[in-house]
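Fit the two chains together into the complex; they arrive one by one in their own frames, and the hints show the way.
These protein sequence lines are chains G and H, in that order.
Quick note, the first sequence lines up with residues 1 to 106 if you use the numbering used here.
Quick note, the second sequence lines up with residues 1001 to 1130 if you use the numbering used here.
What the hints contain is simulated information worked out from the structure, not anything from laboratory work.
Just so we're clear, the structure is a prediction, and the values are computed from it rather than from any experiment.
Backbone N, C-alpha and C fix where the C-beta goes; we use that ideal spot for every residue, glycine too.
Within a straight-line C-alpha distance of at most 30 angstroms, the following computed DSS-like cross-link-like pairs (lysine-lysine) qualify:
| id | chain 1 | residue 1 | chain 2 | residue 2 |
| --- | --- | --- | --- | --- |
| 1 | H | K1063 | G | K37 |
| 2 | G | K31 | H | K1063 |
| 3 | G | K61 | H | K1063 |
| 4 | G | K31 | G | K61 |
| 5 | G | K37 | G | K61 |
| 6 | G | K37 | G | K66 |
| 7 | G | K31 | G | K66 |
Pairwise CB distance ranges, derived in the manner of DEER restraints:
| id | chain 1 | residue 1 | chain 2 | residue 2 | range |
| --- | --- | --- | --- | --- | --- |
| 8 | H | S1116 | G | A64 | 18 to 28 angstroms |
| 9 | H | R1018 | G | A64 | 22 to 32 angstroms |
| 10 | G | H11 | H | R1122 | 20 to 30 angstroms |
| 11 | G | A50 | H | Q1026 | 31 to 41 angstroms |
| 12 | G | G23 | H | P1041 | 37 to 47 angstroms |
| 13 | G | D49 | H | R1018 | 39 to 49 angstroms |
| 14 | H | P1041 | G | T72 | 50 to 60 angstroms |
| 15 | H | E1003 | G | T87 | 22 to 32 angstroms |
| 16 | H | G1043 | G | D96 | 39 to 49 angstroms |
| 17 | H | E1125 | G | E94 | 27 to 37 angstroms |
| 18 | G | H11 | H | G1044 | 55 to 65 angstroms |
What follows is the residue order along each chain.
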Amino acid sequence: MSATQKTPAPHAAGTALLTHAVGLHARPSVKLTKLAKQFAARIDLGLSDAGPWIDAKSIVKVMAAKAPQGSTLHFRAEGADAAEAVTALVGLVERDFDEGAGDGGA
Amino acid sequence: MTETVGIVIVSHSPDVARGTADMVRQMVGEEIPLAWCGGAPGGGLGSSVEAIMAAIEQAWSEKGVAIMVDLGGAETNSEMAIEMLPPERQGRVVVCNAPIVEGAVIAATEASGGASLEEVKRTAEELSPS
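Bound-form chain H, shown alone (with noise of 0.2 angstroms):
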């Protein structure tokens, strides 16, 4: 149980993401990578392709990333991030369908027991009202 799947929180508010990010550190603890990312390039309200590329790497483990999302452009730039991959990482990287801050905790939960990318997408989804 030396790696566990990566989480990588990504809001349209910074705010958001970070408070995520910490609730994530003090519920759950330091074993997993988590990395974050919010906020317009610019400032502001956004997500940035770049931005969530960048925390991608900074969360890689070889077990995976599972990434939680807020709204619209966080979902779609996440996706277009994953494509710019390296293919070999491609496969190992996914948008959760789950709400962002509890979708975030229960992944990372999840994730701490060395489960596999698959088992800690599918427990965080369990939580959406589908």
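Excised from the complex, chain G in its bound form (with noise of 0.2 angstroms):
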């Protein structure tokens, strides 16, 4: 057994800047959610480079955080797909959630 050997988690962040017409309402908040479920990597989502942080895996909170059009969404990972989530997340945001034209307000 090797000695005192820890590697650390990788650690990943990066923002986008959220140009949803009304924010971050409810359907954004259940696509980012579940694209954030989908790794393994404790990923934050803060509105500041200096928080407070949520977890982006928290749909209730991640709604709650009622993020409007203009702000500036910050991502933080912790784990081995870390850097992974952090670009999909950031690319989410920056393609408008996907939302086509003619998608409704929601």
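If you want it as structure tokens, here you go:
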């Protein structure tokens, strides 16, 4: 057994500008949370780089954050797939949650 | 993550139940077992133990089923339906104390990530103003 070998879990962080017309409302929150849950890493979402941070996998907390249009969403992740998780989440926000025109407001 | 908790929506109104199910399908997706029922057996507003049992059967998952209800009879009839299930299923069906529409969307979102029945119930109930 090797001695005190400690491999720190990889960290990753990223930001994305929330352009969605009505902010982080119900449907985008569902999409964001569902995507976050696909990763093993712990993922936090913050409305500033100083937090407060919320669990990006908690649909209740993400919806309650009520991030308005024009906010910058901050993601930070810790775990083996942290980098992939942040890339995927930033991508989702930058693609405006893949909502095509005529998708309604919800 | 092959199987997810199933969701059953029980309203006094078939329109509310169907509309809530539509919201779940459109906002969360097709991957969760989902069934709804609403209305009295003879038409009109109400709920029926038989219809609830059929909905539980339709949305059945080995991970369990979370029932979302609106008012009074929907809840008591759901509890009665659970009592009439085979014993091995009784422990895997719960009624959530949450607003029906919001609770259904939240519960389905949580379920879609592979959460356990307890986690789905807890998350839906986090919404309640307590």
